[in-house]
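Which chain is which? The protein sequence lines are A and B, in order. Convert by adding 2 to the 1-based position in the first sequence; the result is the number in my numbering. Convert by adding 221 to the 1-based position in the second sequence; the result is the number in my numbering.
By construction, these hints were calculated from the structure, which means they are not laboratory data. C-beta: ideal position from N, C-alpha, C; glycine also. Be careful, since some hints might not be right.
Ranges between beta-carbon positions, derived for each pair [to be verified]: (1) B:Asp232 / A:Gly338: 17 to 27 Å; (2) A:Glu376 / B:Asp411: 21 to 31 Å; (3) A:Ala449 / B:Gly387: 32 to 42 Å; (4) B:Thr292 / A:Glu486: 41 to 51 Å; (5) B:Asp255 / A:Thr488: 44 to 54 Å; (6) B:Gln313 / A:Glu261: 46 to 56 Å; (7) B:Gln393 / A:Glu376: 23 to 33 Å; (8) A:Ala285 / B:Glu260: 40 to 50 Å; (9) B:Leu337 / A:Ala285: 39 to 49 Å; (10) B:Asp356 / A:Thr304: 55 to 65 Å; (11) B:Asp232 / A:Pro317: 26 to 36 Å.
Okay, here's what each chain looks like letter by letter:
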Amino acid sequence: MKLRPRLALTVALLTIPLGLLASFGFERARRREEAEVLIAHLEARLASEGRRLCEESPEVFARPAMPPPPGPGLPDPPHFGSFDGPHPGMPPPGMPPPPGAPPPGARPPPMPFPGHAPPIAVFPYDESLRPSLPFAPTLDAETIEAARAGASPVRGMFSDANTNNGVQVLMRTPWGKGPCSYLVARRGAPPLDVRALLASWLTPIVAMLAAVALGASPIVRRIRELATRVRASAREHYQAPIAMAGTDEVAELAHAFDEAAREVRLRMDEQQKREQTLRDFLANTTHDVMTPLTVLQGHLSTMQSLAGEGRQVEPALIGAAIDEAHYMTSLVHNLGVAARLEAGEPHFVRAPVDLAALVERVVSRHRPVARQHEVEIDRALPPPEEKLTIDGDETFLEQDVSNVVYNAIRYNKRGGHVAVVLESMDDDRFRLRVVDDGPGVPKDEIASIASRSVRGASARTRNPDGRGLGLAIARRVAELHDLELTFAASEYGGLQVDFEGARRPSDDATSAA
Amino acid sequence: MASRILLIEDDGALGAQIVSQLERVGYVVTWHRDGRELEGTEVGSIDLLVLDLMLPGEFGLDLLKRFRERTDVPVLILSARNDNATRVRGLQLGADDYLTKPFWPEELVERVRARLRRPVLQRSDVIEIGLLRVDPSSREVSVQGKSVALTATELGILVALAKRRGAAVTRQSLVDQVLDERDGAERTLDVHVSRLRKKLGEAGGYIVTVWGIGYRLEAQGP
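Using the sequences and the hints given, assemble the complete structure.
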C-alpha cells in the first residue's frame, strides 16, 4: 500500500472509533439534559392548577400545552394520536399563554436541539400506575418497580414504533392520589437528519483526509526522490554518493543509505582486488609453469627422435632437460609460497627448525642441477654437537634458502663455485652465508634486488635479470622470521647473501649438555 | 651385508623408480604398495623404512605412529605436499627425515645413506684416514707408519680437520682454534696448511681446499 492511502486509512481508522466514542458521550449528555427538561416541564404543569385540570379532564391536561413552533419543512409527527408537538417555554410573542403553561418567569428548559425538538407528551397515571387515558402507553416494568419503591422522579428511556431513544420521566404528584397520582413526560429523539449528520461527520473527515493527503505530498515527494537516487547509485555500483538536502528524517535516511552504500563499495572493492590478485596470480602461474614445461617437452621430444634414429643423445641435452625440471620444481614451490604470502596474513606453522639439516637438504637438492651447470657446490656446518635451530616455518625457510642457492647456481659461470656456510656467532646469533663467484650483480642493482616485492610485476620469474620472484620471496620470508637478509658483492666477484638472526636460546642448553 | 629397505609407495611408476635407484647403489629393497602391509612386517628384517605419506588425511601418519610404537628403525618420509604441518607432525611422530617430491634420485640416495650411516667405532682419540694416523693425545702423526714432525699450529689444524673428517671446515673456525688473533690470520693459515701438506707427503692431498669455505680432510683427495 502506498504511503498516502496508508496515511488516509490510518487517519480514518483512528477517526471513526474516536467519533463514535464522542457521539456516545454526546448522546448521554443529551439524555441527561433532556430528562431535566422533562422534569422542569412537569413541575411547571403542576405548579398552578395542574391537579384540578388533570383530575377533571385528563385528556385536556395531556393535550400538548402549546402549538408546535414554526419550522420550515419540519414534519409534525403525530405522536400518540391526539397531541401535537409543542415547544415548552417558547411561546411565540403576542400569543396568550395557554392553560397549564408555565408562568412567566419560570425557568425555561434548555433546548438540546433548538428548532428540531419534537413535542413533549404528558400522561397521567393512577396510584397503581395504571394509565388514566386509553391511549397512554403502558409503562415498562423497570419504571413501575422504581416508582413503587418510592423513587421520584424516575428517569428512563422508551422506544416505540416511531421513536428510538426517547427520554421519559415519571414523577409522583405531591398529592399522590386519584387518576393523576403519577405523571409521565415523554419526548422522542429528534429525527435523524442525514444531511446534518453528513455535514457534521463526513465533512470534517473528508477535509481531514484531504489535508493528510495533501500534507503528505512533500514527504512522499522526498521519499520518491530518495528512492530514485538510491536506484541510480545502485545502477552505478554505488559509486555515486546518495545525499538529500535538509535535516529531516528523509535526509537522515539518505545518510544511512549512503553509509550502507559506502560499506558495500568497500566490500566490493576488496573483493574485486582479491579476485584480480587471484586472476593475475593464476595467469602468471600458468604462464610461468607452461613455459618451462614446453621447453622440457621440447627436450624430451628431441631425445626421443635422436634415440629413434639410433643417434647418441647428447649429455648436454639431458642436462638441459634436468635443468628445466628443476626450474619448474623451484617455480611451483615458489608459487605455492607466494600464494601463501599473498593471502594476507600468512599462515605460519612455527616449529624449531634445524638449520644444519635444512642446509644439507638444500645443498643435496641442488647438487644435480649444479653439476649440470658445472658449478661446484659445498657447505660448511657447525660441529654436530652444536645444534643450531631457530623458530620458524620450515617450508618457508627452506624455500627461502633454496631460492638464494638456486640463483647462485643458475647465474654462475661454467666452472664456478657456490659455498653455503652456516655458523653461530656471538650473542646467540647465527649467520647463513651463500657466496658465489659468478658474474655478480652491479652495485646499484643490488639495492633493487633486495627491495622487490613478491607482488610486483618485476618479480615475475622469467625476468630479464632472472632473479625476480625467488629473491622477492626470500626477502619477504626473511622479514617474517626477523632475519636480516643482506646482499653484497662477494670477495670472489660474485654475490654474497647473508641471513642473520637470533638462534633459539635453548640451543645453549643443548650444546652445553 | 647390504642394508634392507622397506618402501611403502602406492604410485607404481614412482615406486618402481625408487626401487631401481636404491638397488643400483646396492640396497635390498622390499616394496609394498599397500600401507597395511607394514603392519605384518617383521621389524627386525629391515634397516630403514621409506614411507610415502601418499594418502590424504592421517592415514600415512597413522601408519608411522603405529610403526614407531613397535620399533625405532629409522624412517624417511616422502611427501608430495609441501605442507609444513604434515612435515612437522611426521617428525613429531618419530620420522627421522623427510624428502619432498619432486626429488632427484641422487638426493634420495644421499638421504638414505645419511640415515643408514652408523657411527664409526674407533678408539676415541686416534684418527685414521687412509695412510694417515693422528693421535691427538700423544701429539703423534704418522703417514704409512712413518712419524711426521709437525709444529703445534700444524698439528692443531690437522686435528681440527681430522675430528670433522669429510666435512668442510671454515678458515675462520680453524683460525679461531689454532692461531692467535692478528691481521691477515686467514692468509697465515693458508701458509701453515701449505707447509702441512708438504710434510704429510702422500697424505698431503687429503687436505682439500674447499672454495669459499676452507679445508676438508678426506681420504679420496684429488
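Verification of the hints:
Restraint check, Asp232 (chain B) to Gly338 (chain A): a C-beta distance of roughly 20 Å satisfies the suggested window 17 to 27 Å. At about 26 Å, the CB distance of Glu376 (chain A) to Asp411 (chain B) agrees with the hint of 21 to 31 Å. Checked against the given bound of 32 to 42 Å, the beta carbons of Ala449 (chain A) and Gly387 (chain B), roughly 39 Å apart, stay inside it. The hinted window of 41 to 51 Å between Thr292 (chain B) and Glu486 (chain A) holds, with their beta carbons roughly 43 Å apart.
The hint said 44 to 54 Å for the Cβ distance between Asp255 (chain B) and Thr488 (chain A), and at roughly 51 Å that hint holds. At roughly 50 Å, the beta carbons of Gln313 (chain B) and Glu261 (chain A) sit within the given window of 46 to 56 Å. Distance hint check: the CB atoms of Gln393 (chain B) and Glu376 (chain A) are about 28 Å apart, consistent with the given range 23 to 33 Å. Separated by about 47 Å at the C-beta atoms, Ala285 (chain A) and Glu260 (chain B) satisfy the suggested range of 40 to 50 Å.
At roughly 46 Å, the beta carbons of Leu337 (chain B) and Ala285 (chain A) sit within the given window of 39 to 49 Å. In this structure the supplied range 55 to 65 Å holds for Asp356 (chain B) paired with Thr304 (chain A), their Cβ-Cβ distance being about 58 Å. The hinted window of 26 to 36 Å between Asp232 (chain B) and Pro317 (chain A) holds, with their beta carbons roughly 28 Å apart.
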